[in-house]
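K.L.:
The primary structure of each chain is shown beneath.
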Amino acid sequence: MGRYLLRRLINHVALVLIAASLTYFLAAISLNPRANFAGRNPPVAASSVTATLNDYNLNPDTPVVVRFAHWANGVAHGDLGRTVTGGEVNDEFARRVGVSTRLLLIATILGSIGGVLVGAWGAIRQYRTSDRVTTLASFFVLAMPVFVIAVTFKLWAIDINDAVGHKVIEYTGEYDPGLTGTGEILLSRLQHLLLPSLTLIVIQVALYSRYQRSTMLDVLGSDFLRTARAKGLSRRAALMKHGLRTAVLPVVPLLVYNVVLLFTGATFTEKIYGWHGMGEWLVNSISTNDVNAVAAVGMFTAFVVLIAGLLSDVLYAALDPRVRVR
Amino acid sequence: MSETPPALEVTDLHVSFPSEAGPVRAVRGVSFSVRPGEVLGIVGESGSGKSVSSLAVLGLLPETADIKGSVKLHGRELLELDDRDMTEIRGKDIAMVFQDPLSALTPVYSVGDQIVEALRIHQDLDKAQARKRAVELLDLVGIPDPARRAGAFPHEFSGGMRQRAMIAMAIANDPEVIIADEPTTALDVTIQAQILDVLKKAQEVTGAAIVMITHDLGVVAGFADRVQVMYAGRPVETGTVDDVYYRPRMPYTIGLLGSIPRLDDGGRHALTPIDGNPPSLVDLPAGCPFAARCPIATDLCRRVEPELTVREGGNHPTACHRSHELVAGGSLDPATIYPVPPLPKAPADSVPREDRTPVLEVDGLVKHFPLLYGAVVKRKVGEVRAVDGISFDIREGETLGLVGESGCGKTTTLLEILDLPSGQSGTVTVFGKDIRGLKGAERKALRRDLQVVFQDPMAALDPRMPVGDILGEPLKTHGWSRDRIAARVPELLGQVGLDPDHVDRFPAEFSGGQRQRISIARALALEPKLVVLDEPVSALDVSIQAGVLNLLDELKARMNLSYLFVAHDLSVVRHIADRIAVMYLGRIVELGSAEAVFGAPSHPYTQALLSAVPLPDPRKERERRRILLTGDLPSPADVPTGCRFRNRCPKFASLDESDRGRCREEDPAPTGLAGDHTAACHFAAAVTVV
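From first to last, the protein sequence lines are chains A and B. Residue numbering for the first sequence follows UniProt numbering, starting at 1 and increasing by one per position. Residue numbering for the second sequence follows UniProt numbering, starting at 1 and increasing by one per position.
All the given hints hold, so there is nothing to weed out.
Quick list of in silico lysine-lysine cross-link-like pairs, DSSO-like style, CA-CA up to 27 Å:
hint	chain 1	residue 1	chain 2	residue 2
1	A	Lys-154	A	Lys-167
2	A	Lys-241	B	Lys-132
3	A	Lys-241	B	Lys-127
4	A	Lys-241	B	Lys-92
5	B	Lys-92	B	Lys-132
No lab work stands behind these hints: they were computed from the structure.
Model the full structure from these sequences, guided by the hints.
P.N.:
In structure tokens:
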């Protein structure tokens with residue numbers, strides 16, 4: 001298994017490099033950082049703009065191949081280059097990965113588990129009221145754009161806060177920077193985490209539960225479940241031990257890819273709740289013509305896809321002996 | 001034995017399911033009882049309610065099912081128990097063996113773990129003890145190297161081994177009753193014989209009562225003590241096997257027995273099909289549900305449903321108003337109530353075989369599939385020798401039956417011929433033309449003469465095309481005008497015994513047997529000379545199967561067709577084929593006229609295959625000694641050296657060392673016996689098996 005994974009890792013690193021290079025070319029050709037300096041008051045001298053751009057390896061007049069060589073050399077040495085404002089992409093990158101992880105870790109775990117359980121439960125109670133309600137609710141959520149959900153939650157939070165009389169639920173940023181003391185900061189972080197997590201969980205549960213419900217329905221009619229019950233297992237035990245594990249299998253790849261890709265895909269949630277994560281960075285860097293930042297996000301996304309592939313393979317092999325490589 | 005109280009007693013069981021069209025009355029008054037050590041066979045076609053009854057006994061029907069009646073285990077009423085109390089009984093007092101052993105085992109747990117689970121639900125064993133017991137059980141059911149194989153997963157087991165594991169699981173807690181629902185239906189005949197043997201052994205070990213549910217009257221003939229025949233949710237006849245098989249008093253039983261193709265009734269004659277289809281269980285007509293298909297139904301039959309009781313002159317219960325007339329010396333003779341269609345005479349029959357032109361000649365055909373390994377660069381690590389050099393010919397007006405167990409290469413052979421390939425090696429000559437040299441238009445013309453009928457008529461017909469279009473499609477492809485097609489389609493429907501007015505109907509509106517008739521009509525549309533039939537009746541119920549077989553025979557005679565009939569069921573082939581080719585692991589091991597191959601089988605494999613086929617004749621079955629093959633079919637990727645059958649060959653085991661050496665080293669070529677009968681065995685000798 002270890003060797004198999006290693007081989008896949010090496011195969012995929014090549015793909016990551018290709019993807020990152022293509023992203024760089026695309027960004028470098030289509031984005032124009034010089035535009036950022038236009039219309040400034042007081043106007044900036046053209047020569048100093050050029051000097052700055054040259055300094056950051058962002059000058060559109062430099063042949064793109066030369067810029068790429070410079071960038072690639074930096075990447076090879078662990079330097080992702082400079083942002084349009086002169087900061088180190090590395091620093092920004094590290095900070096934003098941290099923010100995204102803190103935002104997504106709990107939400108994706110709860111979202112996945114919740115989706116699987118809600119889906120399986122719906123299947124077991126097919127066509128009963130509880131199944132119809134969860135089905136309807138899921139489609140309701142899936143039909144709603146993320147920003148509508150997020151803004152609705154925000155409005156409800158305001159109502160609740162007004163009703164209680166002070167701010168119980170926070171909806172902007174990661175924590176209150178004015179606080180001191182570990183306990184208080186932790187509490188503040190949780191208050192801030194609640195709404196964005198809820199938004200992400202609701203969407204994920206709605207999506208995954210639909211897939212899980214249909215795979216579970218297939219398993220419910222299966223002969224091996226009948227065998228398990230004929231052995232003397234109760235319905236619940238048979239469902240949990242023999243049914244659920246088999247039914248989760250087909251959903252695993254979908255689940256893992258979706259979860260991992262949220263790391264650059266939770267843009268709206270981050271924007272609306274003021275979290276400065278990877279998704280927000282992608283959109284911001286494009287609008288500010290930040291070539292190196294776009295390339296960094298692109299590379300990160302490619303890497304994350306690779307991780308998702310590996311993770312789903314490992315999980316699948318752990319759950320299903322039929323695909324294990326001997 | 002009659003004094004022992006029954007282990008399981010089912011009285012007046014009714015089961016119905018709600019459906020959009022109204023309640024489906026799947027079981028309507030089933031009663032039976034089995035005593036410890038006794039085997040009761042419940043026989044019926046699909047939809048007769050036999051499986052539903054058994055699931056009702058175990059309380060495994062969906063909650064929507066409405067169950068009435070009584071199920072008593074040693075006098076204790078089970079239908080009153082709630083699900084928790086039933087879990088105590090399931091797997092401990094009543095165990096079940098299901099039909100398809102691949103889907104009946106959970107794919108993600110090892111076989112050993114699943115047996116351990118069964119043990120630990122009901123017995124106070126620690127893990128190690130349970131593991132040890134599981135290995136003992138696997139050993140008992142004949143799994144070689146059980147300690148190691150216990151760690152294997154279901155997909156690593158062959159079908160026969162999986163069914164053995166299922167039986168091991170069923171007997172794990174020493175049950176009082178074992179319900180076996182079609183336990184051998186998904187298996188090959190030689191494996192079926194092994195499994196029946198294991199079941200018998202399991203019964204000896206546990207002393208359990210066995211309820212054996214099957215559609216195959218042959219399987220229960222030698223295995224059961226008593227048998228109950230079901231039709232449309234009710235038992236219609238029940239009694240000892242001898243009474244039911246030799247003295248049937250109910251037209252359905254009589255028809256069923258007459259429609260089974262038998263190995264032992266000497267050569268070819270038309271089967272007696274039962275016309276029509278089983279009734280829908282949603283709105284059953286008043287009266288006897290069989291009346292519509294019964295040749296001796298009266299007005300009373302259509303008005304009043306007969307009770308299952310012992311009738312005048314009989315000694316076992318039947319549900320038929322006219323049973324008393326069907327007794328020996330009565331006014332009706334059971335042997336003649338069904339009209340026996342005459343066996344049609346083909347024009348080719350009068351011409352000696354040598355003088356007839358060959359329509360298909362296969363010489364040294366080889367099809368190997370490479371086994372590839374590697375993610376980016378594939379390299380060949382071996383090959384699957386699916387077809388490994390076979391030769392045969394089919395002459396005008398002749399049916400060649402190609403038989404063999406699953407995995408022996410029959411389907412590959414058939415696909416290779418249909419594909420008209422350039423081939424890896426060997427030649428295929430169709431109507432005297434070597435297909436290797438053929439180009440576009442000639443190939444297309446050849447295809448017109450070469451048609452196919454597939455196994456599953458539901459999958460082979462486009463569900464969204466009306467029958468008229470399905471039959472018209474081959475004609476259109478070959479450039480027929482619209483008017484000619486419109487005239488031809490009803491004609492075709494008539495030829496296969498369907499109503500020509502049904503051109504606008506969709507496949508779903510037809511029953512399984514009718515759909516297969518549509519497939520046959522499609523194959524005949526272009527008036528081919530050779531029709532390739534891939535297991536054409538194996539998806540059909542026995543009573544329907546007989547009608548389709550008769551149709552095939554009739555069409556052959558009328559249109560002077562030749563058939564390549566691929567099947568695993570030797571009894572069916574016995575009825576339709578003029579010549580037989582027996583395949584084993586990519587080779588034809590025996591080839592000859594049907595009389596020669598069935599009458600004097602000379603290859604040990606053919607002998608074992610024939611001996612494994614159960615006969616619907618209890619007395620013969622009890623007296624027969626089976627040649628049991630050991631193990632499973634080897635993988636065609638790993639063919640043994642020398643004779644490929646030797647590691648399972650009963651004859652090989654009886655040879656002395658020098659002769660064995662020959663089998664080990666020398667690959668036997670087909671050797672001629674009497675006439676054109678050949679067998680690929682160094683020590684071929686005829687044995688009478690049937």
